[in-house]
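Just so you know, the sequences run in chain order A and B.
Heads up: the first sequence begins at 1007 in this note's numbering, then just goes up one per residue.
Heads up: the second sequence begins at 266 in this note's numbering, then just goes up one per residue.
Derived by calculation from the structure, the hints in this document are not laboratory data.
One or more hints might be untrue.
[To be verified] Calculated Cβ distances over 12 Å to all of chain B for the following chain A residues:
1) G1027
2) G1035
3) D1131
4) D1164
5) T1183
6) D1199
7) T1304
8) D1326
9) L1336
[As the list claims (entries may be wrong)] Okay, derived cross-link-like pairs now, SDA-like style, lysine to any residue, Cα gap no bigger than 20 Å in a straight line:
10) K1014/A to G1222/A
11) K429/B to S1112/A
12) K448/B to M1096/A
13) K429/B to Q1088/A
14) K448/B to K1065/A
15) K335/B to D487/B
16) K1080/A to K448/B
17) K448/B to M1108/A
18) K1107/A to P391/B
19) K368/B to F1019/A
20) K335/B to P447/B
21) K1014/A to Q1214/A
22) K1065/A to K1080/A
23) K335/B to L455/B
24) K371/B to I419/B
25) K448/B to G1110/A
26) K1318/A to T1304/A
Quick caveat, the model's predicted, so the values are computed rather than measured.
From the three backbone atoms N, C-alpha and C, an ideal C-beta is built for every residue, glycine too.
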Amino acid sequence: MGAIRLEKVKKTFGTLDVIPGVDLDINDGEFVVFVGPSGCGKSTLLRLIAGLEDVTDGKILINGTDVATEAPAKRGLSMVFQSYALYPHMTVYNNIAFGLKMAGESKEVIEEKVQSAAKILNLTDYLERRPSALSGGQRQRVAIGRAIVRNPAAFLFDEPLSNLDAALRVNMRLEITGLHQELKTTMIYVTHDQVEAMTMADKIVVLQAGRVEQVGKPMELYNSPANKFVAGFIGSPKMNFLGGELAKKYDCHEIGIRPEHVAVSTENGEIPATVKIAEHLGAETYLHVEADGYGPMTVRATGEVPLGEHDKIFLTPEQDRIHRFDAHGLALGKS
Amino acid sequence: MESKQTPLGYVSFSVFAWIVGLLIFFPIFWMVLTSFKSELEAVSIPPSFISFDWTLENYAEVQERSNYFKFAMNSVILAVGSTLVGLVFAVTCAWAMAFNPTKRTKDALLWMLSTKMMPPVGVLVPIYLMFRDWGLLDTRFGLIMVLFLMNLPIMVWMLYTYFKEIPTDILEAARMDGATLPKEIIFVLLPMAVPGIASTMLLNIILAWNEAFWTLNLTTSDAAPLTAFIASYSSPEGLFWAKLSAASTLAVAPILVIGWFSQKQLVRGLTFGAVK
Chain A
1007 MGAIRLEKVK KTFGTLDVIP GVDLDINDGE FVVFVGPSGC GKSTLLRLIA GLEDVTDGKI
1067 LINGTDVATE APAKRGLSMV FQSYALYPHM TVYNNIAFGL KMAGESKEVI EEKVQSAAKI
1127 LNLTDYLERR PSALSGGQRQ RVAIGRAIVR NPAAFLFDEP LSNLDAALRV NMRLEITGLH
1187 QELKTTMIYV THDQVEAMTM ADKIVVLQAG RVEQVGKPME LYNSPANKFV AGFIGSPKMN
1247 FLGGELAKKY DCHEIGIRPE HVAVSTENGE IPATVKIAEH LGAETYLHVE ADGYGPMTVR
1307 ATGEVPLGEH DKIFLTPEQD RIHRFDAHGL ALGKS
Chain B
266 MESKQTPLGY VSFSVFAWIV GLLIFFPIFW MVLTSFKSEL EAVSIPPSFI SFDWTLENYA
326 EVQERSNYFK FAMNSVILAV GSTLVGLVFA VTCAWAMAFN PTKRTKDALL WMLSTKMMPP
386 VGVLVPIYLM FRDWGLLDTR FGLIMVLFLM NLPIMVWMLY TYFKEIPTDI LEAARMDGAT
446 LPKEIIFVLL PMAVPGIAST MLLNIILAWN EAFWTLNLTT SDAAPLTAFI ASYSSPEGLF
506 WAKLSAASTL AVAPILVIGW FSQKQLVRGL TFGAVK
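Extracted from the complex, chain A is given alone in its bound form (with noise of 0.2 Å):
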C-alpha cells in the first residue's frame, strides 16, 4: 500500500522559493515521473517525500499518515539513486542486506529475501562481489535490489539511469517498467528525458520552477497540453510555435502543431519553406527548414524522403492537430 498526498508543500532555499506550493495525488500502485528541465525542483520535490530535506510548509500524507516531520527511514520508502550510491566497502549481498541488518531482521529472514531479490534482478552470481567489480547496469541493479528487499510503501527514483549508456538505458527502462507490473508498488520516477516520462508513466507531472504546470496521463499531456511549457516540452522533436497570419486565422496569439503533424509537399501546400538540414534516420527524416514569414521550424516524415539543403518544400499543419495558445501561453482548446 502506497498512496502519497502532498498538500501545499512549500521549500524554500533561504530566500529562494524552490517549492513555492505543490498539491499532488498519487494513488497506491502509480507509477508516475516527475518530468522537467533541470534546476525545475523536481529532485527536490522527490528528496522532499523522501525526507532528505525538511519541508518548509505543508504536508506530506502517505496512506494518510502526515510524514512532514518524520526521519527518512520511518517513512517505509525506498530510494534509487542516480550515482547508485552503493556502499563500496561492503559486497553486494550485505548492500543489499543492510536495510534488513538495520531494520533488525534475523539472519534467516535477511538471507532469505536477499536471495529473492538477487534472483528477480540476475544478480545471484555476484553476490560475493564489491561494486567497484560490477558494471553500470548491474550497479543500478544491485540499487534497486537495496530497494525491493525493504518491502516499501512506494520506490524513489532519482534519474536513475543517467549515468548508464544509450543501449543500457533502454533495458534498464524496460526492466524498471516489468519489475513495476510485477511488484505493482507505487513508484515515483523523476527525469529530465521526456522520453522515459512517455514510455514508462502511468501519470505524468510536468514541473517548471518548482510548479506543476500539468499532470496527466502521458497521452493527454501529448494531446492536450495545458500550456506552451507543456507542449513544447512533452514531444520529440519539440512542438514548432507560430505567430503571425496563421495565429490569427485559428483566432490566438499563437498556434502550435507537432513536427509530426505537418504534411511535406514539393509541389503546394499553406507555408513554403526551405530545407536548412536534412536528418535522414531512416524509418523517418527530421526536416529543419526556414518557413516563409515564420522562421525555423522542425517536420518529420515518415520514411526515406530525397530531400536535401536549399531544397524548397511546402508545409501543411493537420487541422485538427493544431494547438491554440492565448498571450500568456495558455492553452485555448480546439478551435
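Using the hints, position chain B against chain A.
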C-alpha cells in the same frame, strides 16, 4: 608545449634532491653516530666519522640511570590516548562540517586552525594554574587532555577534507535504509574513510609523541614521556653529548620506524584534497 625531462636536467635534479635529503637527515645520522662514541670522542675536533671505538656503554648507562621503558610507555599512552580521544571529537565535528555545512563553516574551520598559530607559551600560566588547582600536574590524564586539544584543529581539518570527498548520496542511502546517525557514521562513513582516519591518527601520534613544550612544563616524573627523558640529559652537571645522543636515539627510534613504514599513508593524508 611538451615538457620532456632532459638527461642533464634529470641528473641535476636528482643531485639537488639528494643534497637536500642528506642535509635534513644529517643531524639524525650524526646523533646516532655520536651515541656509539665515548664522551671524549664525541667532542673531539676534528670529529671522526667511522674510525672510532664503537661502544654500547652509553646505552647501558642511560638505561641504568633512568628507566627508559617507563618514559617510553608514557609516550605511547599520551600519544595514542590523545589521538583516540581526539578522534571521537574530530570525527563528529568533521561530519557536521562536511555534510551539514552552514555559511560560516569555512570561517569556523579557519578559526580553529588559526589557534594553532598562537604561541603556546601565551597560555602557559593559566593552564599551569588550572592544572595545579585541579590536581592535574604530572598526570597522564591532564596531559592527554592538553595534547588532544592542541591537535584537535588539525584532526578536524584533515578529516573534514577527507569526508568532503565522500559522496553525500551514500550517506543518504544509509539514512533511507534506516540507519540512525551513529550507525550511519560507524557502518558507512568510517569504513569508507579508513585511509583518511589512518593518516590522521598517524600524524597525530607523531605530533603528540614529539610535543615537548607542554610535556616538559606539566610533568616531572609520573607522567613524563621521552621528551622529558631526553631533556634530563642536558643536566646541570654539564653536557654529555654521547649519552644525550644515546637517549635521543632511543627516544626518536620508535616514531622514526613508524613514520618510515607509514610514509605513503602520511603523504597521502597530508596532500589529500590538494591533488585530484
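Going by Cβ atoms, does T1304/A stay more than 12 Å from chain B at every point? Consistent with the label, T1304/A stays out of reach of chain B, its closest Cβ about 37 Å off (over 12 Å).
Minimum C-beta separation from G1027/A to chain B exceeding 12 Å: can you confirm that? holds (25 Å)
Restraint status (C-alpha distance of K368/B to F1019/A at most 20 Å): Distance of about 12 Å is within 20 Å: holds.
Grab the minimum beta-carbon distance between L1336/A and chain B and tell me whether it stays above 12 Å. holds (38 Å)
Does K1065/A sit within 20 Å of K448/B, going by the straight-line distance between their CA atoms? violated (29 Å)
Hey, K1014/A versus G1222/A, does the alpha-carbon distance stay inside 20 Å? holds (19 Å)
Checking the smallest CB distance to chain B, is G1035/A really beyond 12 Å? Nearest chain B Cβ is 21 Å from G1035/A, so the label holds.
Claimed clearance of chain B by D1164/A, with the beta carbon kept past 12 Å: Violated, because the least Cβ-Cβ distance between D1164/A and chain B comes to about 9 Å, which does not exceed 12 Å.
Given the hint that K371/B pairs with I419/B, test it: the Cα-Cα distance must not exceed 20 Å. holds (14 Å)
Quickly compare the C-alpha distance for K448/B and M1108/A to 20 Å and report which way the hint goes. Distance ~8 Å between K448/B and M1108/A Cα, so the pair holds.
Using Cβ atoms and 12 Å as the threshold, tell me whether T1183/A really stays out of contact range of chain B. holds (22 Å)
Do the alpha carbons of K429/B and S1112/A lie within 20 Å of each other, as the hint requires? Roughly 35 Å between the alpha carbons, so the hint for K429/B and S1112/A is violated.
Going through the hint list in order, the structure does not satisfy hints 4, 11, 14, 18, 20, 23.
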